[in-house]
Amino acid sequence: QSVVTQPPSVSGTPGQRVTISCSGSTSNVDPNTVAWYQQLPGTAPKLLIHRNDQRPSGVPERFSGSKSGTSASLAISGLQSEDEADYYCAAWDDSLIGYVFGTGTKVTVL
Amino acid sequence: EVQLVESGGGLVQPGGSLRLSCAASGFTFSDHYMDWVRQAPGKGLEWVGRTRNKANSDTTEYAASVKGRFFISRDDSKDSLFLHMNSLKTEDTAVYYCARVVSGYILGTAYYYYMDVWGKGTTVTVS
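These protein sequences, in sequence, are chains A and B. Sequential numbering of the first sequence, starting at 1, is according to my numbering. Sequential numbering of the second sequence, starting at 1, is according to my numbering.
Treat each hint with caution, since some may be false.
To be verified - Label-pair ranges, simulated between beta-carbon atoms:
id: 1; chain 1: B; residue 1: Gly44; chain 2: A; residue 2: Gln80; range: 17 to 25 Å
id: 2; chain 1: A; residue 1: Ile97; chain 2: B; residue 2: Glu91; range: 19 to 27 Å
id: 3; chain 1: A; residue 1: Gly15; chain 2: B; residue 2: Gly15; range: 48 to 56 Å
id: 4; chain 1: A; residue 1: Ser81; chain 2: B; residue 2: Gly10; range: 30 to 38 Å
id: 5; chain 1: B; residue 1: Lys54; chain 2: A; residue 2: Pro14; range: 46 to 54 Å
id: 6; chain 1: B; residue 1: Arg19; chain 2: A; residue 2: Gly69; range: 38 to 46 Å
Just so you know, these hints were derived from the structure itself, not from any lab. Heads up, the beta-carbon is just placed ideally off N, CA and C, and yes, glycines get one too.
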């Protein structure tokens, strides 16, 4: 059972803005940085956001990340059908001495 | 092209052993920490463990769920990463991914750690 929690599902219509929350603790999300991964159906995870709010090259600007204290968020602006996927936040945990993934959120485009 | 390719998955009986391999190409393998991550059927991602690079003595850390049973090694001369799995349990059934790690400190305090390159995974079934 993960120590970092996310809502199981989020949905929206095309063009809408949706946000995914990520709740951690003072041993992982705060003080360390958060990364977000996107996993399309049947594929390997892909890095979406690193260091809380940094997008790797090739990731569309409609994906943005933020962090405040022990919580982080991923926002998808202008939701598109190809954004339908599972999304995971993650951070290094200083107490566990390991990397912890969030519970994962399934994004559905209605 | 930067690439990671896992192999070695298969069907194994409970209590058995298996060795997974991950072949890296397109980057300087020896510079990077490398991780293993797994995903049980219909479940989320679970970090398995990591190996640091030679500059950091190739030291390893493991998730509590596999500690003492799984071991990570690397062969920088062959750009290869390995996961040695022993005393396998049915709950170890999963797709296993290897991933390249980027890590460091911001202003000496906040630790950034993320996986920027992933393989396609190899399936391990313990039954």
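Hints and how they fare:
1. Taking 17 to 25 Å as the suggested C-beta distance range, the pair Gly44 (chain B) and Gln80 (chain A) conforms, at roughly 23 Å.
2. Checked against the hint of 19 to 27 Å, the pair Ile97 (chain A) and Glu91 (chain B) passes, with Cβ atoms roughly 22 Å apart.
3. Distance hint check for Gly15 (chain A) and Gly15 (chain B): the Cβ-Cβ separation is about 53 Å, which falls inside the suggested range of 48 to 56 Å.
4. Under the hint 30 to 38 Å, the C-beta atoms of Ser81 (chain A) and Gly10 (chain B), about 36 Å apart, fit the expected range.
5. A hinted range of 46 to 54 Å for the beta carbons of Lys54 (chain B) and Pro14 (chain A) is consistent with their spacing of about 49 Å.
6. Remark: the range hint 38 to 46 Å for Arg19 (chain B) to Gly69 (chain A) is upheld by a beta-carbon distance near 42 Å.
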